[in-house]
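There are 4 protein chains.
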Amino acid sequence: MTALTRSSSKLTHAGAMLILEAAVRAADAMGVPQCIAVVDEGANLLAFCRMDGAKVLSIPSCQAKAATAAASGKPTGTAPAESEIKLAVATDGRNTNLKGGLPIIVDGVLVGGIGVGSGTGDQDRDVAAAALAAVGLAA
Amino acid sequence: MTALTRSSSKLTHAGAMLILEAAVRAADAMGVPQCIAVVDEGANLLAFCRMDGAKVLSIPSCQAKAATAAASGKPTGTAPAESEIKLAVATDGRNTNLKGGLPIIVDGVLVGGIGVGSGTGDQDRDVAAAALAAVGLAA
Amino acid sequence: MTALTRSSSKLTHAGAMLILEAAVRAADAMGVPQCIAVVDEGANLLAFCRMDGAKVLSIPSCQAKAATAAASGKPTGTAPAESEIKLAVATDGRNTNLKGGLPIIVDGVLVGGIGVGSGTGDQDRDVAAAALAAVGLAA
Amino acid sequence: MTALTRSSSKLTHAGAMLILEAAVRAADAMGVPQCIAVVDEGANLLAFCRMDGAKVLSIPSCQAKAATAAASGKPTGTAPAESEIKLAVATDGRNTNLKGGLPIIVDGVLVGGIGVGSGTGDQDRDVAAAALAAVGLAA
Chain W
512 MTALTRSSSK LTHAGAMLIL EAAVRAADAM GVPQCIAVVD EGANLLAFCR
562 MDGAKVLSIP SCQAKAATAA ASGKPTGTAP AESEIKLAVA TDGRNTNLKG
612 GLPIIVDGVL VGGIGVGSGT GDQDRDVAAA ALAAVGLAA
Chain V
512 MTALTRSSSK LTHAGAMLIL EAAVRAADAM GVPQCIAVVD EGANLLAFCR
562 MDGAKVLSIP SCQAKAATAA ASGKPTGTAP AESEIKLAVA TDGRNTNLKG
612 GLPIIVDGVL VGGIGVGSGT GDQDRDVAAA ALAAVGLAA
Chain S
512 MTALTRSSSK LTHAGAMLIL EAAVRAADAM GVPQCIAVVD EGANLLAFCR
562 MDGAKVLSIP SCQAKAATAA ASGKPTGTAP AESEIKLAVA TDGRNTNLKG
612 GLPIIVDGVL VGGIGVGSGT GDQDRDVAAA ALAAVGLAA
Chain Z
512 MTALTRSSSK LTHAGAMLIL EAAVRAADAM GVPQCIAVVD EGANLLAFCR
562 MDGAKVLSIP SCQAKAATAA ASGKPTGTAP AESEIKLAVA TDGRNTNLKG
612 GLPIIVDGVL VGGIGVGSGT GDQDRDVAAA ALAAVGLAA
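Residue numbers (my numbering), protein chains in the order written: chain W, 512 to 650; chain V, 512 to 650; chain S, 512 to 650; chain Z, 512 to 650.
Don't take each hint at face value.
Since the list gives no way to pick out one identical chain from another, each pair is judged satisfied if it fits inside one copy or across any two copies.
What the hints assert, rightly or not - Straight line, CA to CA, 27 Å or less: simulated DSSO-like cross-link-like pairs of lysine-lysine:
1) Lys-566 - Lys-521
2) Lys-597 - Lys-521
3) Lys-566 - Lys-597
4) Lys-566 - Lys-585
5) Lys-585 - Lys-597
6) Lys-585 - Lys-521
No wet-lab data here; the hints were simulated from the structure.
Use the sequences and the hints to build the structure in full.
Pasting the structure below:
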């Protein structure tokens, strides 16, 4: 018989808030205010914070980073140059190759993504990685 | 001489997170998962949480509620019936008259808005009001 | 105790109109009709003028320049080439690296941005800089 | 011979700024901060001001009011109820029947529109009418 459903694992909002708060602490420690988004495996927003002084135009871009990482299972900033703009345009900007997005993988299962923006690309990625490390996940 | 600037008060991200967390607790106590958004006085997103089981299509609508309350300084759901649809369309859906948005007023100054969505309109408004009360603000 | 608000400084509409009028005069003196936008620190439009003969498609682009400068605190046209297109697409075109946007910084506080468009990139930037200088601000 | 062109009359930016400034004065006198837009006969933005305390969500809606009045040659708020929403949706929100938009008619020629928003519909219309009267035009 064909199974109509499959068992799956979903990121909880409590988990997303833990990751978000860890990212805020990491950005505070770095002295760089950030916009931070956490999305689930469907690239839908779970948790968000824009820190005092972070850029308002990073509100959409950090969400795009989180969505891209959740959809691809890979860090943003690693796509081949020849496809990154085509993917961005074909997705109305939701797929981005800006650094600062990391997949959230729990027990080997891709359950979402985190996207950080307002610093340099490296600062953004470092805050995302620190947030995942704070809850015991690999970046 | 014309003054280039005026002194103002802005909602902090720490304050927005307090209000967000209070809303999550109120929704938990009510047993109704919610999407919750907090925006600043310029209607830009500050903090967001989608609770487990809340509707994905409430992600944009709770943000519209928060933006509308922040822009108007009034609860959503109170606009005259003859203008509510026209306002929504003229603002590309950002102005909404769905219940569940409340202005955030601190020391008499309008500093933002909270929008809640996924329950009934009354549940949404009650969660927003409980969140404001939890940080000592009037609904 | 977490503070709910922080004190801030906002660009007045009277100040924005002064800057706008100074930009119009500078563009007139240069003989190049321009579109000019002034936005606040939340990247929301405060003042705008399209001069006779300026390009209609500069209406959105000068607003994007103003928003980008207001959000980043830096002149547009200075972002690294490897990120400028990605940032533009990830923000639905609101973040641009076209020359002609300058942050508006009063007493050390970033309170908004001016964006100018319809001339060459250098003409646009020069008009923006002349407008800020006319009200005693650094470009 | 078929004429390829026709002579036309266009609103100047200097004229648009006069109307804008008169609207700001009228709103000030009324004690109601407003968003005010002036567009040309092509419904393209010519001049704009958001006064301190005016609603950010009126930024798009006052532009829609101005565009509607410029396109129709009639005050907004007078369209038949059975078509107003259909027109709004078919124009992606640019055609609105919210009160506060007036055509700008100079020497019998429709050259643009003014749109005002942030007060009640009647306050919005009164500010628009006062602005036209201040430059010797009929509302």
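Status of the hints after comparison with the structure:
1. Taking the shortest Cα distances, Lys-566 and Lys-521 sit within 27 Å of each other only across copies (15 Å), while inside one copy they are farther apart (30 Å).
2. Within a single copy, Lys-597 and Lys-521 get their C-alpha atoms no closer than 30 Å, and across copies no closer than 29 Å, so neither meets the 27 Å cut-off.
3. Taking the shortest alpha-carbon separations for Lys-566 and Lys-597, both the intra-copy value of 25 Å and the inter-copy value of 16 Å come in at or below 27 Å.
4. In this assembly of identical chains, the alpha carbons of Lys-566 and Lys-585 lie at most 27 Å apart whether taken from the same copy (25 Å) or from different copies (11 Å).
5. With identical chains, the CA atoms of Lys-585 and Lys-597 are at most 27 Å apart both within one copy (18 Å) and between copies (17 Å).
6. Both within a single protomer and between protomers do Lys-585 and Lys-521 lie at most 27 Å apart by alpha-carbon distance, with minima of 18 Å and 22 Å respectively.
Comparing the model with each earlier hint shows a violation of hint 2 alone; every other hint is respected.
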